[in-house]
Amino acid sequence: MWSWDAFFSFLTNPQLIQGAWTTIWLTTVSMALALPLAVLVALGRASRFRPVRLVTGFYVWLMRGTPLLVQLVIIYTGLPQLGLRLGVISAALTGLVLNEAAYLSEIVRAGVLSVPNGQSEAARALGMPPWRVFRVVVMPQALRVMVPPLGNSFNGLLKTTTLVSVISVEELLRRTQFAVQTNFRVLEGLTAAALYYLAMTTAWGLVQRWLEIRVGRGHQTGPSRGRRIRSAAVPALEMEIR
Amino acid sequence: MRRLLIAASSAALLLTMAACGSEDSSSSSAAAAPTGCTPKVGGSDLVKAGTLTISTNATLPPMQYLDASNKIVGMRVDLGNEIAKLLCLTPKFVNIPFDAQIPGVQSGRWDMIDTGMFYTPERAKTVKLVPYEVQGVSISVAKGNPKKITSEDELSGRTIAVEAPGYEFDTLTALNKELKTAGKKQVTVRTFTTTADAYQALSAGQVEGVAIVEAVTSYYQKDGRFETAVKGMNPAPLALGFGKQKPADAVADALNTLRDNGYLATLFKKYGVTAYTGDLKVTTGAISAK
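Residue numbers (our numbering), protein chains in the order written: chain C, 119 to 360; chain H, 1120 to 1409.
Hints were generated in silico from the structure; no laboratory data involved. All values reported here derive from a predicted model rather than from experimental measurement. Here a beta-carbon is modelled for each residue, glycine too, at the ideal position from N, C-alpha and C.
Partial list, computed: chain C residues near chain H (C-beta under 10 Å):
#1 Val191
#2 Tyr194
#3 Thr195
#4 Gly196
#5 Gln199
#6 Ser283
#7 Val284
#8 Ile285
#9 Glu288
#10 Phe296
#11 Val304
#12 Leu305
DEER-style ranges, computed between Cβ atoms:
#13 H/Lys1262 <-> C/Leu158: 37 to 45 Å
#14 C/Arg327 <-> H/Asn1189: 47 to 55 Å
#15 C/Leu129 <-> H/Ala1405: 27 to 35 Å
#16 H/Ser1322 <-> C/Gly183: 21 to 29 Å
#17 H/Ala1315 <-> C/Met246: 54 to 62 Å
Working from the sequences, and respecting the hints, build out all of it.
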């Protein structure tokens, strides 16, 4: 039998709230650390130097080719055997960041490749230095392509963090299991946890929409309403941002 | 041709998915069906007629664990098999972490929990419990006891791994309350899904001890990997758990037979386990660890 009382008491349970906070913290910090690493790796894979290409290519191959769960257990329980002992949170972050950055680097790479060569060639012809070409010409155009899949990754990461419970991080799911233990109201407890995840992914969806509009300024492909001609779309979208 | 290949491969994929979804995955094992007797529990009171489906977490040598050939063995497995034999049912073990077992027995995924579950009055309100053995919580530490932990109080300030949720976790939580009242440093409790994970963390030096029932810490002490530092904290009866009354009563009857014919005494002696001396029946309310 479904009990609303149990459900609401789970929704306001400090265990779940604390777990949700751990989940948000882990996701945000992992993403913030993984993104710069991903840009470096993507640049490395496009490098003129073969050793750099090989090392970054090997890293992406290794991280994407093995399960995160295995990586986490190796980092936390396996590495101490070689004398490298990371604490619980450092081990969790290391695993999440290294794994996520490999996937993100592919998104960054796809974004950069989506900008036609002619763009950077033209910028170079105007005498811009390479770093400036990358920052001012390539990146803004690449970002527009990158934001939807990057947002997708953030959404995925929110839920992937459940895996770190295997090395004893007490995130939302684990905390819910503790809370459920007191009265075995499994359906109500896990539904409350699912609602927490939904709230987090929904909130992120709003942030992502805002980001898409922001990096899509000057383009028709963003989430704009109806068909507008370009000149009309720009001020209209800018209004939406404010 | 291409379309055909896609159709064939998706059919194959569906088949594998169906196979993965069945209960008969590699994590369960079944013995031969008994012959020449009638089952003592009817098919309508069982998950599967003629079979006693038993959940256990096979991560606790020597109580329940996987042997070299990946078969579930141990004292509680012997006990489950013997009970099934008396009831004229085929025993079938499902190997699954503890946190899934109570919800599973309530929702009719298995008939009996045989995993060394502690008896608590709160638990007795949600599942039918038949107490049968007694265990205390012990602490395993690295060989040589490098932190020189010899008493409950000396756990103060240490990092201890434990399977959670569960009785050992509750024991440490209660200890932390006492330490707090006494103005001492708390035990840092690290929670894992299984005790096997907790022991891995101990052998990796990530924690300073593991809290688990004494039968397990003695097993590791004997095999030389870890030492038992503290014994007999918070002793309590362990129970078999059921969702339905009829299988619970039938198993209680079987346990009484096994107590009378000396099987239980022999089994407990072999594994160094203390017997529960109270009535072997579905029990509720507070009971003592005797």
